Structures are given as C-alpha cells and as structure tokens.
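Asks: Each chain is listed here by its residues.
Number of protein chains: 2
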Amino acid sequence: MNLLLISIGLGLLAIVYGVVTSRQVLGASAGNARMQEIAAAIQEGAQAYLNRQYTTIAIVGVVVAAIVAFALGTTAVIGFLTGAILSGVAGYIGMNISVRANVRTAQAASTGLQAGLTLAFRAGAITGMLVAGLALLAIAVFFAVMIGPMGLTAASREVIDGLVGLAFGASLISIFARLGGGIFTKAADVGADLVGKVEAGIPEDDPRNPAVIADNVGDNVGDCAGMAADLFETYVVTVGATMVLTALLLTGLGDMLLPMMALPLLVGGVCIVTSILGTYFVRLGGGTNVMGAMYKGFIVTAVTSIPAIYAVMTYALGDMGAVIGGTNETLTEAFDPVTGRAVVQETVSLGFTGMDLFLCALLGLAITGLIIWITEYYTGTKYRPVRSIAKASETGHGTNVIQGLAISLESTALPTLVIVAGIIIAYGLAGLMGIAYAATAMLALAGMVVALDAYGPVTDNAGGIAEMAGLDDSVREKTDLLDAVGNTTKAVTKGYAIGSAGLGALVLFAAYTTDLRTFFPDANVDFSLENPFVIVGLLLGALLPYLFGAMGMTAVGRAAGDVVLDVRNQFRDNPGIMAGTSKPDYARTVDLVTKAAIKEMIIPSLLPVLAPVVVYFVITAIAGQDNGFAALGALLLGVIVGGLFVALSMTAGGGAWDNAKKYIEDGHHGGKGSEAHKAAVTGDTVGDPYKDTAGPAVNPMIKITNIVALLLLAALAHGAG
Amino acid sequence: MNLLLISIGLGLLAIVYGVVTSRQVLGASAGNARMQEIAAAIQEGAQAYLNRQYTTIAIVGVVVAAIVAFALGTTAVIGFLTGAILSGVAGYIGMNISVRANVRTAQAASTGLQAGLTLAFRAGAITGMLVAGLALLAIAVFFAVMIGPMGLTAASREVIDGLVGLAFGASLISIFARLGGGIFTKAADVGADLVGKVEAGIPEDDPRNPAVIADNVGDNVGDCAGMAADLFETYVVTVGATMVLTALLLTGLGDMLLPMMALPLLVGGVCIVTSILGTYFVRLGGGTNVMGAMYKGFIVTAVTSIPAIYAVMTYALGDMGAVIGGTNETLTEAFDPVTGRAVVQETVSLGFTGMDLFLCALLGLAITGLIIWITEYYTGTKYRPVRSIAKASETGHGTNVIQGLAISLESTALPTLVIVAGIIIAYGLAGLMGIAYAATAMLALAGMVVALDAYGPVTDNAGGIAEMAGLDDSVREKTDLLDAVGNTTKAVTKGYAIGSAGLGALVLFAAYTTDLRTFFPDANVDFSLENPFVIVGLLLGALLPYLFGAMGMTAVGRAAGDVVLDVRNQFRDNPGIMAGTSKPDYARTVDLVTKAAIKEMIIPSLLPVLAPVVVYFVITAIAGQDNGFAALGALLLGVIVGGLFVALSMTAGGGAWDNAKKYIEDGHHGGKGSEAHKAAVTGDTVGDPYKDTAGPAVNPMIKITNIVALLLLAALAHGAG
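Just so you know, the protein sequences line up as chains Z and C, in that order. For the first sequence, position 417 (counting from the first letter as 1) is numbered 416 according to numbering that gives the first Met the number 0, and the numbering increases by one without interruption. For the second sequence, position 333 (counting from the first letter as 1) is numbered 332 according to numbering that gives the first Met the number 0, and the numbering increases by one without interruption.
Hints listed in this document are in silico derivations from the structure and should not be mistaken for laboratory results. These numbers were taken from a predicted model, which means no experiment stands behind them. Please note: incorrect hints may appear among the correct ones.
Pairs count within a copy or across copies, as identical chains cannot be separated in the list.
Straight-line distance between alpha carbons at most 30 Å, and here's what the computed DSS-like set of lysine-lysine pairs gives [as the list claims (entries may be wrong)]:
id	residue 1	residue 2
1	Lys671	Lys381
2	Lys598	Lys381
3	Lys196	Lys381
4	Lys661	Lys196
5	Lys671	Lys196
The shape of chain Z in the complex, shown without the other chains (with noise of 0.2 Å):
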C-alpha cells in the first residue's frame, strides 16, 4: 500500500506541474483584440465540438456500461466509468490548454524565437503531463481503493475485472475521439484547401475562407484532444495489462504479489519526475534547430530514467537478484507461468530477477529511442525519404503519390524489425512479464511524447492566427520555423504508440489465453497455425483495420465534399467575402464539419468492438465453442499483425508527404508555386487522413479488440457460473 501512495504522489505531482505551468501559460499575454477575437472563434467551435461529441459518445457509452454492469458486475462498471470519464477529461484538458496557449504563442513569438518555443512547448508539457498523470492516477486510485475501501483481494477476479473494464472504458472515448477528431481536423483541413488555395486561389488561413475557423478547431480537436485520449487509452491499457498480466501468471508471490503489481505504477510514477525535469532542457541555445532542442530534453527524460526506474526497482523488490515467483516447482504445477501455456514435454526454466525486469524496462527505453530516430529519418526533410518524394514531385502529382506510397509501405520495416527485436529479447529476459515489462516502460515516457506532439498543433494555431490578424511576416516566419518540426514530432508519437501497441497487445493476448483456461479448464482450444480456425481468425482480424482505414478515408472525403460545397455557396451568396468587405460566416462551417464527423465516426468505432463478438458466435455455430475460442484469438493477433503494418505506413507515410511540401516551399525544386509544388499538395493531401484521420486511430482499434476479447470471456464464463 505503501508502494501504491508513492505512485500516486507522484500522479498528483504531474497534476501540480500541469496547473502550476497553466499558470504561467495562462499569464503569458494574450496579444491583440484581434487575436484574441480570433482565438475565441477557434475556442468556441472546440467547445462545441467537443460538447457534441461526448454527449454522443455518452449515449454510446451508457449503453455499452449497462452491458458490462449486466455481464460483469459493479466493480467492473466502476472501472469502465472511471476509464470513460478521465479519457474525456483527458482529451478536454488538451484542447483547453491548446486554444489558449495558441494566441499567447503568436504573442510570444513575436519577441522572440525562443519565447515562442518556450510557451507552445510548455503548453505541450502541460498536456503531456496531466494524460500520463490522469491515467496513473486513474489506476493507482482505482486499484487501491478496490483493495482498500472495497476490500478485495490484489489478484483477484474482480480486482482484474476492474481493471479490463478501465482499459475498456478509456478505449473505447479515445477510438470515438482519435476518429470524430481525425475525421473533423483532416475534413476541415482538406476542404479548405481545396475550395480556398486550388479553388479560390487565396493562401492558408486566410480570414476570407470560411473554413479557415474550422481548420483550426479540427487542429485542437483533432490533434491535441484526440491524440491526448489516445495516449491516455494506451497507457492506461499497457500499464493496466501488465498488472493484469502480474495477476494472472505470478500465482505464488505470496507478500511479493503487492509489490509486484505496484512495480508497474511505480515505474510510470518515477518517469513522471524525470519527465518534467526533461522539459526545462527543452532549449534553442541560441541557434534555431527546433529539433535539437526537442532531441535534447527527451535524452535527458530518457537518461535520467535509467537509474530512476533502478532505484524504484529495487525499492520495491529489495534484491534485484532473487529469482521472482518462487520456485520452479511449485510453478510448473498448473501451467507454465511465464507463457500461460501448459507445460507438457519438459519444465521449462522459469525464473526471472529484478534484474532481468529492469533489463526489459532499458530496453522498452531504447525501442522507445530507436521508434523516434526512425520515424524521424523517415519524415524528416533532412533525409532520403522525404527528398525522394520532393523530387518525385517534379515529374507530376502521379509520381509524387507513388514514391510516397513506395516510402509509406517501406516505412514499416525498420520498426517492425526493433519490434521483433524486442519481443526476442524481452521474451528471452524474462517471459511474457519481460515484454509487458519493455511496453511499460515505454509508455512511461509518455509525459514527454505527448508534449512533444501536443506541442505541434500550438504551433499550428499560432501560425493561423498570426496569418489572420495580419501580423507582422516574421512572426508568421517564426511560427512556421516552430512548427516545421510539428510534422516529425506528431509523426513520432503515433510510431511510438502503434509499436507500443503492437506489445502491449501481445500482452492482452497471453491475458486472454491465461483466462481462457481460467475460465474454461474443460475446453481443448487449439492455437495452433495448423488449425484452419486459426488461419480463418488471422484472416478475419487482418481485414479489419483494412475495412476500418477505408472507413475513416470515406468519411474525410465525405465531410470535406461537404466543406467544399458550403464554401462554395457561401462565396457564391455573398460576394463580399472574397472583395473583404463583409466576413464569412465561419460557424456555419464548423458546424457543418461537427455534424458529419459525429455522423461518421459511430459505426467504424463500433466496428472493433462488435466484430470479435460475432466471430467468436458465428465460428462456435458452425464448428463448436473451442473453434470459436481459437479464431477468436486469432482474431486479436490478426488485428495486430495486419494493424501494425497498415498503422506505421499510413502515419509515418503522411508525415512523409506533408514535409516534402514543406522542403519544396524551402526552395527546393522550384519552391512555392511551382509544378512541383502542386503535386506536393496533392500528396500532403493524400496523406491528411493517412496520418491524422485512419493511421492512428488503428491503435485504439487495436486494443479494443482485444479488451472486448476478455470480458466476452468473462461474460461468458459469468453466465455459465
């Protein structure tokens, strides 16, 4: 318990940082009236956006938790609720800071380049600390009032339940909000564009477009509320799936249990510390590399982290050296522990140290590294990648878009080869507690990430709203230097969150096994790759992030149809728009784009959740209940195996696309106006609901699957007990 107050000492602490730096933002100069007339336009479309959307998720959402309450009971409806709630705050709290922090971006950037850097950044701190500080308090609070005030038991069923039904909860705000705010940002983005700079033939964020406003908000909403639920979702799940994981395998810990279910809140609560002491490194130094600086406060975070994790490991664990879970005797009894799988031939060699864990926990930093210095190489305008697309550009938009469809599918093989990498080690290490280990480590660093990412659609704003109050060209200069490296960082995060994924998922998986002969010892589910059931699961789960991309991709195009139609009416109605005299009607556009995206999004959202449900019942119709178990699991590596690929190409592959534009608007290849700019546009186009709308919103589809996997499960077994 005591391990558990210090996780949540160090949650409040990410709360203090959050308001205390708010204090400074907020205190920061708010420009002109213009401005902030401005500002209060984007403001305002956020809020009802948002307000909309959780009012629809609501629904949604009190529908799905009287299932749960029905199937499993009170202790895991609260965790869905708790889960629910803080991923909507989550994503509230990062809009809110981004559309104040914006307008006080362009003001500060106007006295300086590094003034400008510091506000937006710590803004982007703000954000980033209080999802990583919300989503361990959710589970500390959570998990210690169950074992506490609840009085149950720390492995029990209704502890775990709880905790699944809080990694539902976030998943499934955060699929609806990474989805209505992709599709919202990019409908609004891409119409915009293409009614106002090929159309109209005025410049981005120019006050005459009335879907300038729009694009804006889609900025917050989108890229700062929808990114932030969805980092809060994936943390909450991976630090959740490991506990769950500790739980489920480590059955005879005895007085070790406690502290080894803690150890993964710990390890989040200390990178906490050494996250906020990253983000006061985050400096220009004079010179104008924006990257540098972001390079150089994530090394210290990283850094310092090694011995944090370290010493909090062997407080918690005394020895480093004692084998964990006892011995191997009593471990082979039941089933293997560190695989959950029967041991049938041979007693397979079990014990792993606090060592080997802290080893995992390096490595989950370093696969952590190695994502962000790829994912850089592949979007950075420095590089090979990004170039090739630049100068495809000159022979036309065909040849644009197939190099960058060339490099977005090749984009996937360096991460998918760290991936494996780590699987091996970690597995090698210390079993399946050995990669749950590397994932929570990885999302430990999630305070400075988030910042890094949140930090881009300040900059974003702040450029806009320079444009559209008629500043001074500099500081638009300014901004657009700030923002150039929005591209990389926001690219970085989804990386970071997809290869996470793609381990935390393996975890979810051992869990579903694990319950699976928990709940069912009778059943004979066979895994194996040679049972077509299994193949049938690793086909069907393929598909679905294939039919979820298509989905997403429909919608923008959709929705930005829609923008483009208004606009055009609204210039055609009103002619004083275009000669300045009189001013677009810019909240009939944000309206617009609220509707469609709320209209769109409901039912690829819903796809994740009700799919292994009807493949787990159709299979058992057809061929029996432990058919439908083996292709149901399948299932969820299906998902993750074809998620992955389409996840990492589609993000790391817009990224591309968007800063080839920007190194031909550099003067390269002609530069702005250019042919070869043209077909960059079309290509940054191309990758708006690539990178922004389907790509990222895999990852949540990801997990859902898998969750909803575990409490069918649990379901099923409640209702045959």
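Fit chain C to the known structure of chain Z by using the hints.
Replies: Chain C alone, transformed into the frame defined by chain Z:
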C-alpha cells in the same frame, strides 16, 4: 497410368487448339504497310526485352539449379529445370501470339466490332489454353516419367521432391517475369504519359512520342508474357501441391494412391475441354455488351465443368460414396492424415468420400465466380466504387487519390470473406484435401480466365496501332469499346490468382508441417500463437509483401523518371520530332526501359527466396532449431495473411482508378480535358504500378516463400542424413 495418359491427352488437346487457332489468327489480314511497320517495331522490342530478361534469369536459374542439385539430387533438379523452362515458354508464347494478333485485331476492327472481338478473344484463348495445357503437361508428363521410365514409387520422397522442384522452377521464373515485365510496362506507360500527355500535350499513342513503342511493348511483355508465366506458375504449384499433399497425408491408400494422385490432373484436363467449349460462346449477339459476351463464355465453361468434373471423379474413384483413405485405425497411427497434426487427445473423424471432394471442387468453381463478380463490382464503371472515385475527381487530384485508396482498402473485405467461407466449408467437407481440391478446381478454369485476361493487351495494342497508323477514328472507337472491359478482366485474373494463392498456400503450409514431422520426428515444434517466435514469424512474414511492394513501386518511379529524361532529350536534340518531320528513336527508349526493368527486378525477386533461409538460421541461432522451424512456419502464414491484403487492395484499387478515368472520358463529370479528368489521370498513374507491378507479383512471391521453406527442410534433412 491409364488416368495419367488421359490427362496427357487432354493437355495435348489444348496444344492442338492453340496451334489450330493460331493458324486462323495468323491467317487474318495484318493491315496496311504502315500498320505492319508499327507492329514489327513492337514485336522487335518485345522480343529483345524477353531475350534479355530470360538471359538474365537463366544466370540466376543456373545458380539456383546447382544449389537444388547439390542439396536435393537429380530428380528435383530435373523438375526445377522443367518448371523453369516451361514457365519461360509460356511467357514467350503469350507474347508471340499477342504481338501478332494486335495488328490483325486493329485491321479486323475496321470491318466490325464482332470481327475485332473474335480475333482478339481468339488470341487470348490461344494463350489461355497453351498456359493451362503446358502446365498440365508439365506435371503429368514429368510425373508419368518419374513413376514410369525412372521407376520411382508414386508417393516416394524423390517424386515429392521432383514435384516441389517443378513448382519452384515455375515460381522462380514467374516472379522475375511478373516483376520485370511489370516494371517495364508501367515505367514505359507512366513515363510516356508524363512527358507526352502532361508536358508535350500530345494524345496517348501519338507516334511523335518516343516512348510510344515502349509503352506498347510493355503491354506484351508485362500484361501478356508476365501474366502467362504467373498463371502457369499458379497452376503448377496448386495442382502439384494437391498431389504432394495426397502423397504425404493419405498414406494408407494402397491401390487408390495412383488414382488419387492423378485425379487433380484429370480435373484440370477435363476443364480444358470445357474451357475450349466456352470460347465459342463469347459472342456479342448483336449488341455492344463486350463484358456480357465474356460472361457468356465463362458461364458455359463453369456450368459444363460441373458434370465434367463429376464424370472424371466417378471414372477415377469408382464409388463416389466410399470413404477414401482406408479406415481410421490405420490412419491415426502416425498422425492425423487430414490435418497432418499428431493426434493427441481424440480420434478425429477422418473419412471423406469422392462426393465430398466433388463438392469441394464445386466450391472452387463458386469461389472463382464470386471473385469475378466482386472484382467486376469494384472495377466496373457501372458500380459505386468506380463512380465514387470519378466523383471525387471533381474536387481535385487529392480527393481522387484519397477515394481510390479508400476503395482499394475496402475491396479486400468481400474476397477475404469468400476465402474464409471457402476454407471453413472445404475443411468441413474433407479437411486439408478439401481445401486442396477447391484450389485445384479454381485453377482448372485457368484456360478460360487467362483467355479473358490475355484479350486485354491485344485490344490495347490494337488501339495504339490504329492511332499511330492514322486509321479512321471509327476503328479507334471500336478498339476502345473492346478495351473498355480490359481493366476489369485484367483485375479479375489477378484477384483470381491471389485468391487461389490464399488457398494454395495453405496447402503448401500443410506440406511444410507434414514434411517437418517426417524429416525431423524428434523436433518439438510449437506452432501455437502463444509461442513468441510464432508471432515473430507472423510479423516478419507480413512485412515481406510491404517491403516487396515498396521496392516494386520505387523501381517503377525511378525507371519512369529515366524515360521522362530520355524523351525530353529526344525532343530537345531533334525538334523535327514534334514537327512531325522526323521520326523519334523508339528503339533507344525501348532499350533504356529494358535495361532499367532488368536491373530493378533482381533484388526484390530474391527477397522471398532469401527471407525464409535467413529467418530460419537467425532464429535457430538465437533460440534453437525448434523455434527456428516455428518462426519459419509462421513466416509462411504471415506472408499469406499480409500478402493477400496487399495484393487484393493493389490490384482492385488500380483497376478502379483506371476505369474511373475511362468513365470520365466517356463524358461524365466534365469529360476529357476537364479538371476532373486531370485528377483522374493522376489516379490512373498511381494505380498503374499498384495493379500491374507490385500487386500481381505478390502472388508468386507468396508461393516462392512457401516452396523455399519446403526445399530448405528437405535440404536440412539430406544434410543431416
């Protein structure tokens, strides 16, 4: 032996059909001198390319043959060389018919639509029947020689190695042919379009474009020769794998062994008769519904195949109700003969009857019909998908590509569901043998399907020749009408090939696991999804098609860039070209594309050959041989699961983009020259390497990975023994 002789006789019938029909086609008028001159240039270019391609492949082939001979002995290497040489021959024949029929079709079209259709379709049918006939003869004659003159036992290891060697030879050549031809055709096409249509503003197939001959050569070496080699490979591998599986699994057959091994050949043989029959029903019947005429022929073939297959099965097996494979007792001694798995817990019901196999064959025919129907839905101009892309073109290049990508992602869903249903039903009827027979029946229709496909490039070329020779516009209108269904029929073949590959590869995977148990009886390989090395294998397998696709797309982009530079240089150095006073140097461009395609095809083609070997040895070094085998097996399934989606999405998406352009050219959304048309041209360009280079080459890639794994097992066993 009697059954084998009948199969050989039916195979020879296909050859006779080919020879007789060739005479009819070649006897038709080849038009005026200008037409003949153009046709000769195309012919010369295609001949030169194929000679160079096969010379290069021969070098790789000899090296691989030496390895096969060293590792597996004489019979296997004879098989390898037979497969390789005949695969090459199939490509040569396809190209040779096509380059002679093109000009004659142009001439025939000047007399009437039906005359043009008859000539072009006959040319396609020659290629179709020769591909199916040669493939059937390759297996049947080689098998007859092995068990006759060479005195080997039908189910012996040497015969199995020989058949696997045959399949490997066919696959290896076919991946080079598919990829090399695919790079050639699309580099020439994209390059010609970019510099001709876009830069110089001259129409497609304008004789002033130096790349125009290369573009027409591409149709013949890519869509015709490459496709023929690919389908030859698919046929040999599928039918061969069914025979190998029979030998491996049904060990207690006794006198029924030879009939059961010959049965797939008989099914293939009798469907050659029904395919020939079907070709005579491809008639317009007065109207202009070319696709309807095609359907008539296909339906006649499919429907008459039902009684035909039933007849040969009854003839070969006698009592269709008798259980095949002896009693359960003899079969369950070693392992479950249906699944190939060791029987641990229960005695599975094993028996299947001739009737069950017949039903599985019917299922295969049904799958073929459904895939054709689904492909037409996704690529035909009458339906929502293509029209949605055409509509999205109104708002620009970006939205065209976004909608095209959405459709390409979505198009994977229905084929996957059909394949999944096929697996479940076939497996329920007759286990793995059921899946094998469904796949065999699919391929039995190859003669007819290839006929539909090979018709496309002939009409495409005919249109080009009509344009270049300055024939009356009415001729071009007729060839355009004939060519309009070409995109759909081309997409159909690819969907069909990849769908059959999905089933065929499962059969190969079963052969892998069975071989593993035969060669390494002491190995304790865990193929469960709970083994992390299985997950590692699945991830690495799914990565291969992505990496392969990236290489293919990049190669086309790079080679097309070279074409653009060459054409620009020709225009600059010789201003008479654009003025029409002097002729461009067509041969120089052909030569350039030839060199580029051959250089670019090598590395991607070797990826599936080397990947299984590397993965096996690396994982074995890290985690022992058992896990090496497990990861390798999972890699095979990962390639199927990943490759199926990549190939389906690319081929259907590319076809849809192409036809969206055609739909606009037919006068919708502004017609030719409108902004929507320009956007649609971009989509078409993007779809080109998708559908004709990267997508279709995934099919042989999947098979090669599987076959190399089988050979690796055999080689390891020979080395150990």
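Asks: Each hint should be assessed against the structure and marked as holding or not.
Replies: Hint check:
1. Lys671 - Lys381: Within. Shortest intra-copy distance 19 Å satisfies the 30 Å Cα cut-off; inter-copy 40 Å does not.
2. Lys598 - Lys381: between (40 Å within a copy, 28 Å between copies)
3. Lys196 - Lys381: within (27 Å within a copy, 33 Å between copies)
4. Lys661 - Lys196: So Lys661 and Lys196 pass the 30 Å test inside a copy (15 Å) and across (28 Å) alike.
5. Lys671 - Lys196: both (12 Å within a copy, 24 Å between copies)
Going down the numbered hints, you'll see the structure goes against none, and every one checks out.
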